[in-house]
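In order, the protein sequence lines correspond to chains A and B. Residue numbers 1 to 239, in the working numbering, belong to the letters of the first sequence in order. Residue numbers 1 to 436, in the working numbering, belong to the letters of the second sequence in order.
Please keep in mind that the hints were generated in silico from the structure rather than gathered at the bench. The beta carbon of each residue, even a glycine, is placed where N, CA and C say it ideally should be. Each hint should be verified, as a subset may be incorrect.
FRET-style restraints, in silico, Cβ to Cβ [unchecked claim]: (1) B:A26 to A:F16: 44 to 50 Å; (2) A:G8 to B:F209: 38 to 44 Å; (3) B:R18 to A:T195: 55 to 61 Å.
Cut-off 25 Å, straight-line C-alpha distance, at most; resulting in silico cross-link-like pairs (PhoX-like, lysine-lysine) [said to hold, decoys possible]: (4) A:K222 to A:K211; (5) B:K186 to A:K133; (6) A:K131 to B:K294; (7) B:K13 to A:K137; (8) B:K13 to A:K133; (9) B:K77 to A:K89; (10) A:K131 to B:K13; (11) A:K137 to A:K89; (12) B:K333 to A:K137; (13) A:K110 to A:K131; (14) B:K186 to B:K13; (15) B:K142 to A:K131; (16) A:K89 to B:K67; (17) A:K137 to A:K5; (18) A:K175 to A:K137; (19) A:K133 to A:K178; (20) A:K137 to B:K229; (21) A:K211 to A:K12; (22) B:K229 to A:K89; (23) A:K5 to A:K178; (24) A:K110 to B:K186; (25) B:K226 to A:K131; (26) B:K333 to A:K133; (27) A:K12 to B:K229; (28) A:K89 to A:K131; (29) B:K13 to A:K89; (30) B:K333 to B:K186; (31) B:K142 to B:K73; (32) B:K229 to B:K333; (33) A:K133 to B:K229; (34) B:K333 to B:K226; (35) A:K12 to B:K226; (36) B:K77 to B:K67; (37) B:K73 to B:K36; (38) B:K73 to A:K137.
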Amino acid sequence: MDALKISGLVKKYGDFEAVAGLDFSVREGEIFALVGPNGVGKSTTLKMISTILTPTAGAISVFGLDTVRDAHAVRGRISYLPEEAGAYKNLSGHEYLDFMAMVFLRDSRKAAEAAAYGARLSGLGPRLGDKIKTYSKGMARKLLLARAVMIRPRLAILDEPTSGLDIVNGYEIRKTIKELAAGGMTFLISSHNMTEIEFLSGRIGVINRGKLLACDAPAALKSQFSTEDLEEVFVRLTQ
Amino acid sequence: MNIFTVLLRKEIKELLTRQLVISIAAMIFVFYVIGKSVGSHSRASGASNSIVVMDLDRSELSARLLKAMGGGKTPIKPSAFTGIASAMAAPEHAAENSFLVIPDGLARSVEEGRPSRLEFYSRFRKDASGMGPAMAASRIRKVSALAAAEASAYALERKAPGLPPAFLRDPAPAEEYVVIDGRTEKVPLGQVVGFIQSQSYFFPIAVFFIVILSAQMIMTAVATEKENKTLETLLSSPVDRRLLVLSKLTASSIIAAALSVAYMLGMRSFMGGITGAAESASASAAAAGPALIKLGLIITTQGYLLIGLSVLFCILCALSMAFILGILSEDVKSIQAMLMPLMMPLMISYLMPIFIDLSTAGWGIKALLYAIPFTHAFMAPQNVMMGNFARAGWGIAYQAAVFAVFVTLAARLFSGDALLTLRLRLPGARKKAAAQ
């Protein structure tokens, strides 16, 4: 079964068409990257998959469930990390993880386990006892990433997962994503970092002006455009 | 722990910041300090509360006047000076502001039936501020009334020796009756009005502040979640969105109620220090007590319950409206401007009933005021005191209906795209945004 299947997806804001007929699918356990220039509908697409926005036309299926009709059930299977997301500044890191674990899992025992796992994943150690408003951007991002995957969703939707992280932290996060995917978790990632995309993803979908321009494995795309540089593929596709 | 409790705890933790607690504590402290210092200042400045009297007549009448005036609350200070200018210039009277000159020949003029004058002088200082001048005016009014009554008694004793002066002064004294809802009681109207005002003195202020505080809080909570994108995470979670709305409404109500209690304590201490309002209110109630009970003006437990329900629904209406305004807010900075659509009806329903008698107002004004759900809460104490329980009940029912409409609208907006895509830019908000 496909973890995600998108068919003829359209999203309009008044006269503006942010997503203009998108079709692609993501296999279970796959890391799929959605790339494209700024403002071409990536985040809108991720929000529609996350059931936050409703498509104007077309359909999104997550593990066979329709994101509009079965929105509540879909939410039980996904975890979404928005780009530049914040956290509740007056809560400590621990309180935030505990709260989010309860919100997503609704079971005290499972939530406690997930929050403990999230605490380990975040790598923030004793700083988790401090209020989030004292965190640096990188620390906050690590906490949010830990939150997104600690509940072990079947599909993790990550918008720019490593933005704001330094090289070491970015590398650790990428390694964690790889490990979790190997364990069966499916990832849909949006990123501008082509090195990260190449390292992580099994397939890449390149979109521009709300439309899918290409969708294949990084190596296949490079071969198609006769180049060793994925960034060149991106530039040639989107210009 | 159920999910609603988890959400509510988070909302309260986010709202009840250290800064908020400190600012409220500081506000109570400032009120308390101002009230206390004004009270002690008034006591300490007792010297300037007295009246300096220069008795140039030194007659039986002037002695009786001094005694009668001394029987009031105002201290009377006899002075040996014989002229107002020299008395005012004297160092020992430098702090005094009120002077009375009893002219030479006063008794003789009264006895001969010729009019005379008592001369009251008030020193108005250039840097006078606060309530001092107003208090001096009130003091002189009271003392001059006592002196006039005594001078009148003196004249009547001499001109009509067979009859008591009190009878001659007022042979047919007025008796005041108050009629409420068919019940008639002999009680001065002033006492009834004073009692009603004392009962509802703090009430509208408290309701006003609760509404403003809770509205601001919930708008900030929604706008902050939007701005920080924490809302997107919550919206993608398997939590019923109605619970998200309800937890925010409940948390804002709890914090607003707690803050209002704190505010009222500070305000009460402040007003008590300045005017002794609490004491005079209870004294007024005690004096007219039995009559007030018979008139049905003493609020019963059921009456308080009705008022409480009306206030609760007033807050809930404001919260549901503010929730929608929060959804429409561009960001946290625009909240002040976005409060305007809520502030306007609130101000109208708060201020207009103070100046307009709703029982005789035109239908247009009545329709406007009763259409605003907040009016019913402001009017609730009066309705309950006057026995208009049906009107209070209908008011609550109307408020509940308005709340149901707005909370449904809020929940629908919260569940749809509008939450992330809809923006309302008021002229003020646009200017602010442009400035930033």
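Status of the hints after comparison with the structure:
1. B:A26 to A:F16: 44 to 50 Å: Holds: the Cβ-Cβ distance is about 48 Å, inside 44 to 50 Å.
2. A:G8 to B:F209: 38 to 44 Å: At roughly 54 Å between Cβ atoms, B:F209 and A:G8 fall outside 38 to 44 Å, so the hint is violated.
3. B:R18 to A:T195: 55 to 61 Å: Since B:R18 and A:T195 have Cβ atoms about 43 Å apart, the given range 55 to 61 Å is violated.
4. A:K222 to A:K211: holds, 20 Å
5. B:K186 to A:K133: violated, 66 Å
6. A:K131 to B:K294: With a Cα-Cα distance of about 59 Å, the restraint between A:K131 and B:K294 is violated, given a limit of 25 Å.
7. B:K13 to A:K137: holds, 22 Å
8. B:K13 to A:K133: Measuring from Cα to Cα gives roughly 13 Å; hence the hint holds.
9. B:K77 to A:K89: Roughly 65 Å between the alpha carbons, so the hint for B:K77 and A:K89 is violated.
10. A:K131 to B:K13: holds, 11 Å
11. A:K137 to A:K89: holds, 12 Å
12. B:K333 to A:K137: holds, 22 Å
13. A:K110 to A:K131: Holds, at about 24 Å.
14. B:K186 to B:K13: violated, 55 Å
15. B:K142 to A:K131: Distance of about 63 Å is beyond 25 Å: violated.
16. A:K89 to B:K67: violated, 71 Å
17. A:K137 to A:K5: violated, 33 Å
18. A:K175 to A:K137: Answer holds: A:K175 to A:K137 is near 20 Å, not above 25 Å.
19. A:K133 to A:K178: Violated: A:K133 and A:K178 sit about 30 Å apart, past 25 Å.
20. A:K137 to B:K229: holds, 14 Å
21. A:K211 to A:K12: Given that 25 Å is the threshold and the Cα spacing comes to 13 Å, the pair holds.
22. B:K229 to A:K89: Holds, because 12 Å separates the two Cα atoms, which is no more than 25 Å.
23. A:K5 to A:K178: Roughly 22 Å between the alpha carbons, so the hint for A:K5 and A:K178 holds.
24. A:K110 to B:K186: Measuring from Cα to Cα gives roughly 72 Å; hence the hint is violated.
25. B:K226 to A:K131: holds, 20 Å
26. B:K333 to A:K133: The given pair, whose Cα atoms are some 19 Å apart, holds under the 25 Å limit.
27. A:K12 to B:K229: holds, 21 Å
28. A:K89 to A:K131: Roughly 6 Å between the alpha carbons, so the hint for A:K89 and A:K131 holds.
29. B:K13 to A:K89: Within the cut-off at roughly 10 Å; holds.
30. B:K333 to B:K186: Roughly 57 Å between the alpha carbons, so the hint for B:K333 and B:K186 is violated.
31. B:K142 to B:K73: This hinted pair holds, its Cα atoms lying about 9 Å apart.
32. B:K229 to B:K333: With a Cα-Cα distance of about 16 Å, the restraint between B:K229 and B:K333 holds, given a limit of 25 Å.
33. A:K133 to B:K229: Roughly 15 Å between the alpha carbons, so the hint for A:K133 and B:K229 holds.
34. B:K333 to B:K226: holds, 12 Å
35. A:K12 to B:K226: With Cα atoms ~21 Å apart, A:K12 and B:K226 stay inside 25 Å; holds.
36. B:K77 to B:K67: holds, 11 Å
37. B:K73 to B:K36: Measuring from Cα to Cα gives roughly 21 Å; hence the hint holds.
38. B:K73 to A:K137: violated, 69 Å
In summary, the structure is inconsistent with hints 2, 3, 5, 6, 9, 14, 15, 16, 17, 19, 24, 30 and 38 from the numbered list given earlier, while agreeing with the others.
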